[in-house]
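*Asks:* Listed below are the residues making up each chain.
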Amino acid sequence: GAGVSQSPSNKVTEKGKDVELRCDPISGHTALYWYRQSLGQGLEFLIYFQGNSAPDKSGLPSDRFSAERTGGSVSTLTIQRTQQEDSAVYLCASSLAPAGLPRDTQYFGPGTRLTVL
Amino acid sequence: DQQVKQNSPSLSVQEGRISILNCDYTNSMFDYFLWYKKYPAEGPTFLISISSIKDKNEDGRFTVFLNKSAKHLSLHIVPSQPGDSAVYFCAASPKNYGGSQGNLIFGKGTKLSVKP
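Protein chains in written order, with the working numbering: chain A, 1 to 117; chain B, 118 to 233.
Bear in mind the hints are in silico, worked out from the structure with no lab data behind them. Don't be surprised by glycine CBs; every beta carbon is placed ideally from N, CA and C. Honestly, I wouldn't trust all of these hints.
Here are some of the chain A residues that sit facing chain B, going by a computed Cβ distance under 7 Å [stated by the list, open to error]:
| no. | residue |
| --- | --- |
| 1 | Leu39 |
| 2 | Gly42 |
| 3 | Pro55 |
| 4 | Phe108 |
A few chain A residues facing chain B, derived, Cβ under 10 Å [claimed, not checked]:
| no. | residue |
| --- | --- |
| 5 | Gly3 |
| 6 | Gln6 |
| 7 | Ser9 |
| 8 | Gly40 |
| 9 | Gln41 |
| 10 | Leu43 |
| 11 | Tyr48 |
| 12 | Asp56 |
| 13 | Phe65 |
| 14 | Leu91 |
| 15 | Gln106 |
| 16 | Tyr107 |
Label pairs and their in silico Cβ distance ranges [unchecked claim]:
| no. | chain 1 | residue 1 | chain 2 | residue 2 | range |
| --- | --- | --- | --- | --- | --- |
| 17 | B | Pro233 | A | Thr76 | 36 to 46 Å |
| 18 | B | Arg178 | A | Leu117 | 38 to 48 Å |
| 19 | B | Pro126 | A | Ser5 | 28 to 38 Å |
| 20 | B | Arg178 | A | Lys17 | 42 to 52 Å |
| 21 | A | Thr78 | B | Gln198 | 39 to 49 Å |
| 22 | B | Ala158 | A | Asp63 | 43 to 53 Å |
| 23 | A | Ser38 | B | Ser127 | 32 to 42 Å |
| 24 | A | Gln80 | B | Arg178 | 26 to 36 Å |
| 25 | A | Gln84 | B | Asn174 | 20 to 30 Å |
| 26 | A | Leu39 | B | Ile135 | 25 to 35 Å |
| 27 | A | Val74 | B | Gly133 | 27 to 37 Å |
| 28 | A | Gly16 | B | Arg178 | 24 to 34 Å |
| 29 | A | Pro8 | B | Ser230 | 36 to 46 Å |
Throw the hints in and build the complete structure from the sequences for me.
*Replies:* This is the structure:
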């Protein structure tokens, strides 16, 4: 079956421009996560969607970052007025997350490499 | 402050020998730990996990050991194969999340090179 897909795979933008990154999770997965990996760093949690619950936005680094998930499926991460420090690989993951059952595996997409010039 | 630390950025081993990747954590609220493997230009893939109620979990050539008193876990790969060459990330999950792993805290990764 299809895994998590992300688009675009690469994005080069100029400082100050807005960008949108897209994530298509695995069909049927109720949980969706965004992470980013800056050069030489580990994955940094950004935001987490679980079903119809309010998202956990505790990892968003500034109010320039926002994300939405439409219809419980596709998610878009938006970065407004991009800065050079936003350059990173943005990774999306999804999981089944059935309520009340033991923890489930997060499946990652290939990521979007964002370069802000 | 890094809550999950992988102090070795790289490790090189000979094919057939054991690879040992180490990970330390600082937050006693972590109760579930995972290892992910990442090839270049791909997303991380889940490898193996362990709950804090256990001290060992084995899956084929991969074994994860957890020492809660030392807040240390390690991944053993025996025997190592060239295809195991990748970056390995240690991750931890806090116990306040329910069914899903929720917010995973990742280390910076260790690049493993297995030489034929």
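*Asks:* Against this structure, judge whether each hint is valid.
*Replies:* So, going through the hints one by one against the coordinates:
no., hint, verdict
1, Leu39, "violated, 11 Å"
2, Gly42, "holds, 4 Å"
3, Pro55, "violated, 11 Å"
4, Phe108, "holds, 3 Å"
5, Gly3, "holds, 8 Å"
6, Gln6, "holds, 8 Å"
7, Ser9, "holds, 8 Å"
8, Gly40, "holds, 7 Å"
9, Gln41, "holds, 6 Å"
10, Leu43, "holds, 4 Å"
11, Tyr48, "holds, 6 Å"
12, Asp56, "holds, 7 Å"
13, Phe65, "violated, 16 Å"
14, Leu91, "holds, 6 Å"
15, Gln106, "holds, 6 Å"
16, Tyr107, "holds, 7 Å"
17, B:Pro233 / A:Thr76: 36 to 46 Å, "holds, 44 Å"
18, B:Arg178 / A:Leu117: 38 to 48 Å, "holds, 44 Å"
19, B:Pro126 / A:Ser5: 28 to 38 Å, "holds, 30 Å"
20, B:Arg178 / A:Lys17: 42 to 52 Å, "holds, 46 Å"
21, A:Thr78 / B:Gln198: 39 to 49 Å, "holds, 42 Å"
22, B:Ala158 / A:Asp63: 43 to 53 Å, "violated, 31 Å"
23, A:Ser38 / B:Ser127: 32 to 42 Å, "violated, 18 Å"
24, A:Gln80 / B:Arg178: 26 to 36 Å, "violated, 46 Å"
25, A:Gln84 / B:Asn174: 20 to 30 Å, "violated, 41 Å"
26, A:Leu39 / B:Ile135: 25 to 35 Å, "holds, 30 Å"
27, A:Val74 / B:Gly133: 27 to 37 Å, "violated, 45 Å"
28, A:Gly16 / B:Arg178: 24 to 34 Å, "violated, 49 Å"
29, A:Pro8 / B:Ser230: 36 to 46 Å, "violated, 30 Å"
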